[in-house]
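Participant: Here's the letter readout for the chains.
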Amino acid sequence: DAKTTQPNSMESNEEEPVHLPCNHSTISGTDYIHWYRQLPSQGPEYVIHGLTSNVNNRMASLAIAEDRKSSTLILHRATLRDAAVYYCMVTSTSYDKVIFGPGTSLSVIP
Amino acid sequence: GAVVSQHPSWVICKSGTSVKIECRSLDFQATTMFWYRQFPKQSLMLMATSNEGSKATYEQGVEKDKFLINHASLTLSTLTVTSAHPEDSSFYICSARGGRQGGHSYEQYFGPGTRLTVT
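In order, the protein sequence lines correspond to chains H and E. If you number the first sequence the way the numbering used here does, the last residue is 110 and the count never jumps. If you number the second sequence the way the numbering used here does, the last residue is 229 and the count never jumps.
Please keep in mind that the hints were generated in silico from the structure rather than gathered at the bench. Hints may be right or wrong, so weigh each one.
[As the list claims (entries may be wrong)] The calculated lysine-lysine pairs, modelled on DSSO-like cross-linking and capped at a C-alpha distance of 30 Å, are: (1) K176/E - K124/E; (2) K151/E - K69/H; (3) K151/E - K124/E; (4) K124/E - K3/H.
Kindly produce the complete structure, drawing on both the sequences and the hints.
Facilitator: Here it is, written out as structure tokens:
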């Protein structure tokens with residue numbers, strides 16, 4: 001699977017938008033981009049995924065660069081409950097496993 | 111989304127004993143389940159992949175005789191930590207892939223994790 005790089009940590013003020021970047025320069029044409037997040041002492045939670053087009057769901061939006069070598073997870077209004085570690089992964093269409101990188105630890109300031 | 115449960119949520123055991131952790135997909139059939147281990151302040155580390163009815167595939171460096179995985183049905187996988195030692199103390203997380211009808215087949219749904227402490 002393609003490797004990803006993310007900033008170790010980010011901060012956001014409550015109720016402001018947050019843009020979490022992810023680089024995946026070795027992504028191949030049919031690889032999907034997945035985002036998960038993990039709250040303290042809990043299992044990871046699915047956030048969103050995409051292939052080429054930008055995606056929106058009730059939790060977040062995913063903006064995928066035209067060359068697909070990077071993507072950005074957008075939380076439109078950060079809340080205190082959004083404080084978590086956010087993981088970006090790239091998975092192939094025939095993958096059998098998901099490898100977690102170190103992720104981005106997001107802090108939300110009241 | 112689909113629900114994955116783990117039991118127990120936490121366990122304390124004495125060194126040398128064995129501990130079994132269950133992972134269940136509650137509302138879908140999981141053809142593949144994954145087991146991860148997570149130490150404090152670190153990311154999840156994949157231990158093994160298990161497919162229903164076949165032997166698990168272990169990641170490099172993971173002892174298959176110490177971490178026994180059984181995936182006997184499409185809704186249940188178990189991880190047994192045999193002869194546990196204090197260094198096995200960790201947060202163990204399972205995930206299941208299979209998805210409900212209409213769901214993306216490559217999504218993984220994670221359990222809440224099991225905190226193992228070996229004294």
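Participant: What's the verdict on K151/E and K124/E, does the C-alpha distance respect the 30 Å limit or exceed it?
Facilitator: holds (24 Å)
Participant: When you check the alpha-carbon spacing of K124/E and K3/H, does it fall within 30 Å?
Facilitator: violated (39 Å)
Participant: Between K151/E and K69/H, is the straight-line Cα distance small enough, at 30 Å or below?
Facilitator: holds (28 Å)
Participant: Between the alpha carbons of K176/E and K124/E, is the straight-line distance 30 Å or under?
Facilitator: Holds, because 16 Å separates the two Cα atoms, which is no more than 30 Å.
In this structure, only the earlier hint numbered 4 is contradicted, and the remaining ones agree with it.
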